Amino acid sequence: MKELIKSFEKYTKTECGACGRFLELQKTEITYLGSVFTLDLPVCPSCGTVFVPEELATGKMLEVEKILEDK
Amino acid sequence: MEKARLLEFESKCVQEEPPYCQAACPLHLDGRALCAFVREGRIDDARKLIERTLPLPEALARICDAPCKEACLRRELGGAIELGALERACVEQGPLRRAPLLIPKNGKRVAVVGGGLSALCAASEGIRKGYSVSVFCAEDRAAALTALSPLITDEIARRELAWLEKGGVLFLPLEDLPPLSELSVRFDAAYAGLDDPFAACATAEATASVNPVSLETSLRGLFAGGAAPSFILRAADGRRGMKSAERFLQGASLFSSREKEGPYATRLFTSTEGMASAEPEAVPQEGYSPEEAIREAKRCILCECMECVKHCAYMQHYKGYPKKFAREIYNNLSVIQGTRLANGMINSCTLCGRCERICPNGFSMADLCREARREMLRQEKMPPSAHDFALEDMRFNNSPRATLLRHEPGKETSAYLFLPGCRLAGCTPEQTTALYAFLRDRLEGGVGFWLRCCGAPADWAGRDEELHREAAKITEEWESMGSPVVVAACTSCLQTFRKATPSIKAVSLWEILEGTELPEGALSFERTLAVADPCTAAQAPEIRDAVRNVASRAGVRFEEPLLSGEFSFCCGFGGLQESANPTLAALSAKTRGEESSLDFLVYCAMCRNLFAQAGKPAVHLLDILFPQGDEDPAGRPAIGYSEQQENRVGLVRALRASLWKEEDIVNEPHESIRLVIPPDVEKTLAKRRILADTVRRAIWSAERSGRKMKQINGALVASLRPASVTYWVEYAPKGDGSFEVRNGWSHRMFVAGAAENLVPDASEGDGA
Ligand code: SF4
Ligand code: SF4
Ligand SMILES: [Zn+2]
Numbered sequence: 001m002k003e004l005i006k007s008f009e010k011y012t013k014t015e016c017g018a019c020g021r022f023l024e025l026q027k028t029e030i031t032y033l034g035s036v037f038t039l040d041l042p043v044c045p046s047c048g049t050v051f052v053p054e055e056l057a058t059g060k061m062l063e064v065e066k067i068l069e070d071k
Numbered sequence: 072m073e074k075a076r077l078l079e080f081e082s083k084c085v086q087e088e089p090p091y092c093q094a095a096c097p098l099h100l101d102g103r104a105l106c107a108f109v110r111e112g113r114i115d116d117a118r119k120l121i122e123r124t125l126p127l128p129e130a131l132a133r134i135c136d137a138p139c140k141e142a143c144l145r146r147e148l149g150g151a152i153e154l155g156a157l158e159r160a161c162v163e164q165g166p167l168r169r170a171p172l173l174i175p176k177n178g179k180r181v182a183v184v185g186g187g188l189s190a191l192c193a194a195s196e197g198i199r200k201g202y203s204v205s206v207f208c209a210e211d212r213a214a215a216l217t218a219l220s221p222l223i224t225d226e227i228a229r230r231e232l233a234w235l236e237k238g239g240v241l242f243l244p245l246e247d248l249p250p251l252s253e254l255s256v257r258f259d260a261a262y263a264g265l266d267d268p269f270a271a272c273a274t275a276e277a278t279a280s281v282n283p284v285s286l287e288t289s290l291r292g293l294f295a296g297g298a299a300p301s302f303i304l305r306a307a308d309g310r311r312g313m314k315s316a317e318r319f320l321q322g323a324s325l326f327s328s329r330e331k332e333g334p335y336a337t338r339l340f341t342s343t344e345g346m347a348s349a350e351p352e353a354v355p356q357e358g359y360s361p362e363e364a365i366r367e368a369k370r371c372i373l374c375e376c377m378e379c380v381k382h383c384a385y386m387q388h389y390k391g392y393p394k395k396f397a398r399e400i401y402n403n404l405s406v407i408q409g410t411r412l413a414n415g416m417i418n419s420c421t422l423c424g425r426c427e428r429i430c431p432n433g434f435s436m437a438d439l440c441r442e443a444r445r446e447m448l449r450q451e452k453m454p455p456s457a458h459d460f461a462l463e464d465m466r467f468n469n470s471p472r473a474t475l476l477r478h479e480p481g482k483e484t485s486a487y488l489f490l491p492g493c494r495l496a497g498c499t500p501e502q503t504t505a506l507y508a509f510l511r512d513r514l515e516g517g518v519g520f521w522l523r524c525c526g527a528p529a530d531w532a533g534r535d536e537e538l539h540r541e542a543a544k545i546t547e548e549w550e551s552m553g554s555p556v557v558v559a560a561c562t563s564c565l566q567t568f569r570k571a572t573p574s575i576k577a578v579s580l581w582e583i584l585e586g587t588e589l590p591e592g593a594l595s596f597e598r599t600l601a602v603a604d605p606c607t608a609a610q611a612p613e614i615r616d617a618v619r620n621v622a623s624r625a626g627v628r629f630e631e632p633l634l635s636g637e638f639s640f641c642c643g644f645g646g647l648q649e650s651a652n653p654t655l656a657a658l659s660a661k662t663r664g665e666e667s668s669l670d671f672l673v674y675c676a677m678c679r680n681l682f683a684q685a686g687k688p689a690v691h692l693l694d695i696l697f698p699q700g701d702e703d704p705a706g707r708p709a710i711g712y713s714e715q716q717e718n719r720v721g722l723v724r725a726l727r728a729s730l731w732k733e734e735d736i737v738n739e740p741h742e743s744i745r746l747v748i749p750p751d752v753e754k755t756l757a758k759r760r761i762l763a764d765t766v767r768r769a770i771w772s773a774e775r776s777g778r779k780m781k782q783i784n785g786a787l788v789a790s791l792r793p794a795s796v797t798y799w800v801e802y803a804p805k806g807d808g809s810f811e812v813r814n815g816w817s818h819r820m821f822v823a824g825a826a827e828n829l830v831p832d833a834s835e836g837d838g839a
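Chains A and B, in that order, are what the protein sequence lines are. The first sequence begins at 1 in our numbering and counts up by one. The second sequence begins at 72 in our numbering and counts up by one.
Hints are computed from structural coordinates only; laboratory data are not their basis. Quick caveat, the model's predicted, so the values are computed rather than measured. Wrong hints could be hidden among the right ones.
[What the hints assert, rightly or not] Calculated lysine to any residue pairs in the SDA-like style (CA-CA distance at most 25 Å, straight line):
{"id": "1", "chain 1": "A", "residue 1": "Lys27", "chain 2": "B", "residue 2": "Ala823"}
{"id": "2", "chain 1": "B", "residue 1": "Lys140", "chain 2": "B", "residue 2": "Lys331"}
{"id": "3", "chain 1": "B", "residue 1": "Lys758", "chain 2": "B", "residue 2": "Ala803"}
{"id": "4", "chain 1": "A", "residue 1": "Lys71", "chain 2": "B", "residue 2": "Ser405"}
{"id": "5", "chain 1": "B", "residue 1": "Lys754", "chain 2": "A", "residue 2": "Pro53"}
{"id": "6", "chain 1": "B", "residue 1": "Lys395", "chain 2": "A", "residue 2": "Ile67"}
{"id": "7", "chain 1": "A", "residue 1": "Lys66", "chain 2": "B", "residue 2": "Lys395"}
{"id": "8", "chain 1": "B", "residue 1": "Lys781", "chain 2": "B", "residue 2": "Arg759"}
{"id": "9", "chain 1": "A", "residue 1": "Lys60", "chain 2": "B", "residue 2": "Leu412"}
{"id": "10", "chain 1": "B", "residue 1": "Lys119", "chain 2": "B", "residue 2": "Gly239"}
{"id": "11", "chain 1": "A", "residue 1": "Lys6", "chain 2": "B", "residue 2": "Glu801"}
{"id": "12", "chain 1": "B", "residue 1": "Lys452", "chain 2": "A", "residue 2": "Val64"}
{"id": "13", "chain 1": "B", "residue 1": "Lys661", "chain 2": "B", "residue 2": "Leu633"}
{"id": "14", "chain 1": "A", "residue 1": "Lys6", "chain 2": "B", "residue 2": "Asn784"}
{"id": "15", "chain 1": "B", "residue 1": "Lys781", "chain 2": "A", "residue 2": "Ser46"}
{"id": "16", "chain 1": "A", "residue 1": "Lys13", "chain 2": "B", "residue 2": "Ile783"}
{"id": "17", "chain 1": "B", "residue 1": "Lys758", "chain 2": "A", "residue 2": "Thr58"}
{"id": "18", "chain 1": "B", "residue 1": "Lys381", "chain 2": "B", "residue 2": "Thr341"}
{"id": "19", "chain 1": "B", "residue 1": "Lys576", "chain 2": "B", "residue 2": "Thr587"}
{"id": "20", "chain 1": "B", "residue 1": "Lys758", "chain 2": "A", "residue 2": "Glu65"}
{"id": "21", "chain 1": "B", "residue 1": "Lys544", "chain 2": "B", "residue 2": "Thr474"}
{"id": "22", "chain 1": "A", "residue 1": "Lys71", "chain 2": "B", "residue 2": "Asn402"}
{"id": "23", "chain 1": "B", "residue 1": "Lys452", "chain 2": "B", "residue 2": "Ser405"}
{"id": "24", "chain 1": "A", "residue 1": "Lys13", "chain 2": "B", "residue 2": "Gln782"}
{"id": "25", "chain 1": "B", "residue 1": "Lys732", "chain 2": "B", "residue 2": "Leu476"}
{"id": "26", "chain 1": "B", "residue 1": "Lys781", "chain 2": "B", "residue 2": "Pro749"}
{"id": "27", "chain 1": "A", "residue 1": "Lys71", "chain 2": "B", "residue 2": "Thr410"}
{"id": "28", "chain 1": "B", "residue 1": "Lys74", "chain 2": "B", "residue 2": "Ser328"}
{"id": "29", "chain 1": "A", "residue 1": "Lys10", "chain 2": "B", "residue 2": "Glu811"}
{"id": "30", "chain 1": "A", "residue 1": "Lys10", "chain 2": "B", "residue 2": "Pro804"}
Construct the complete structure from the given sequences, taking the supplied hints into account.
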């Protein structure tokens, strides 16, 4: 997981289309079926828009979704 | 689910009932397990089984008269399995373990009168119950056993007796037997083995009449048996007598639920259909050699039911049979904290109902899974990912863009109302148009057009409320058309109508076509096909007949596959299997495809699609009656969800413009987005269930609001959360105003700040 988050650093080169600023890793709240997690995700420092990378959505996130759905 | 309901389901499945031989065996030796061990050469395990089941294993395995043979299912197929000879071979091929009993004595004293087979079996049962057993018998104890058969040598008899002694049995001389009147002073209970003449004589005044169930005698606490000529019945009496002693000592009833103690008829069902007959292996004087024993054991049918599991890809995938599934589902529904292991199983059944039709007791997995789905919804424990996609698709199909309800052009009333169904309209819109023209031409009194979803997905998902809401709308729409006869092209629609709106008179398109002249220009089809009935026609023989009639009249040659008619399986679409478990759905279609080497002739658009996906060539009967273009219809690829939705919207537009001259059709703004999707991206999107319509909405709102991400390689990323899924689309504007789609992914988790900043489409649409 640590390595995954570290890999998100490459998204600090991604730019928020609305504000023109580079994304920064920030603590972000994620919720599903009553469970709450926090995770460092790329976020626009100006407007707060969060970016969820493909590898997170189709990997760890999907895994946890499945686990929570069977709880 | 109530426990009583579970029991009701469980009791219908006989798969766990004992095999015929075991039920018929007075000591219930599991002949099936024995044969299974022997045929694999696991003689050690076979011996353990014998040791566990028989009170005097070394002796009984050699001399059993095998009354089980009467009940053996092999009897009519060559001859009953020689179980007696097999047992003997097992104990002759190696030593028994004869492990000492590790049962603590409980202080109860039991007397056994006599030294015959029955008495010794009673003694063996007694020490297994923890009793202190005293056997009163003649001095030469081995003689009573060796006299039974030359196969019991002195050595074998001594081993049996030694094991009893090691287990704590006290052998006392006959003279020490107290008078009957004093027996109860020294012992808590007693058993007399009447196969020993001394015992019969010594207890004669009490054993003149013995109750056959409890083996009670006229003396309280004294039980007696073993007078039968059959060795195994004498042994069984010893066991029964000791059970009675146990009940007597516990103060329990001597009679209740003892039906299954002796031989009984099992409830097991085993089909021997198509099974070849096989002669028994002759039993030589000296008994079976190891090879002969294996050959004989291989004749065993290994009786079980599994009727419903044979051919069912779903049950095979979940590795079990309904009784086991019922328990797992019950446990799943009762989980308070922990993992619900059966969610996937509950949501993957196609609900085709074939199991109920094939089961000797009518067990319905469909009923069980449907009840479980309803309960999961009530408990708010239904995994959202299971059926959401299909339900969203249903809602789209009932949204204004994808629905249409009109009288025939130029008419004010309808005698008929043609309902093509979502799949046919979505997969073959031109054919739907041609079919509608044909029906207007052949039927009198006006043929209206009705495109909408019947609500089957809600029904399959267990969402009764949503189904009833749709049913109310359906009834209202139907009445607004003057309550015409509905002509349904899809058997699933028909099934759902009959269930949810039984007052609506609905017939199958095929019954209508059966009564009309067929269209000109039908394809002349050369190859012989195999008719694959949809599961939703399994209970509609009139439709199946009509289809075969129409096909014959159209000159189609066809055969029946392995399982057709009422025994048809689902292609994998039904019951939302494809939504909950796409991999399994592909397997269902593939398994069905293997029922015939011929290409399939189908009459359900969903079946056609699933078969095409699984690589099974399938021709829709409408492809023959209303050919579109001249390529072989069996080779047509499956139509994905995006394309189906677009086709339906396109069909509604085209019909409104061409037939009803309606020009007031407004596009939703996002529909102006033109997409270029490379084939590999299209595949990814389809696999991840991201529809082209969603992609358009996402790009449209990103472009309008400016809220998007710009990646280092210049590509843009838009996101959108129309309902409970957040979608991400990577794209790049092209010079000509269109957008190239490069990738797409999604997640269900809610990430604050991920999509709520992007303004979703404000106009009317699905799921927003
Ligand atoms: S057909 Fe299936 S449900 Fe019915 S008894 Fe046999 S295994 Fe059980
Ligand atoms: S065929 Fe085998 S399992 Fe079936 S009754 Fe005979 S011995 Fe038992
Ligand atoms: Zn910003």
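Pairwise hint evaluation, B/Thr474 against B/Lys544, where the allowed Cα distance is 25 Å at most: Distance ~13 Å between B/Lys544 and B/Thr474 Cα, so the pair holds.
Within a Cα-Cα threshold of 25 Å, do A/Lys10 and B/Glu811 meet the stated pairing? Cα-Cα ~24 Å, so holds.
Do the alpha carbons of B/Lys661 and B/Leu633 lie within 25 Å of each other, as the hint requires? Holds, because 14 Å separates the two Cα atoms, which is no more than 25 Å.
Do the alpha carbons of B/Lys781 and A/Ser46 lie within 25 Å of each other, as the hint requires? 15 Å, holds
Straight-line alpha-carbon gap B/Lys732 to B/Leu476, limit 25 Å: 14 Å, holds
Agreement of B/Lys74 and B/Ser328 with the hint, judged by alpha carbon distance not exceeding 25 Å: 22 Å, holds
Please verify whether B/Lys381 and B/Thr341 have alpha carbons no more than 25 Å apart. 12 Å, holds
For A/Lys71 and B/Asn402, compute the direct alpha-carbon distance and say whether it is at most 25 Å. 13 Å, holds
Straight-line Cα separation of A/Lys71 and B/Ser405 no greater than 25 Å? 12 Å, holds
Quick one, are A/Lys13 and B/Gln782 close enough, alpha carbons at most 25 Å? 7 Å, holds
Can the restraint linking B/Lys452 and B/Ser405 be considered satisfied, given a maximum Cα separation of 25 Å? 11 Å, holds
Would the pair B/Lys452 and A/Val64 pass a check requiring their Cα atoms to be no farther apart than 25 Å? 16 Å, holds
Of the numbered hints stated above, none is contradicted by the structure.
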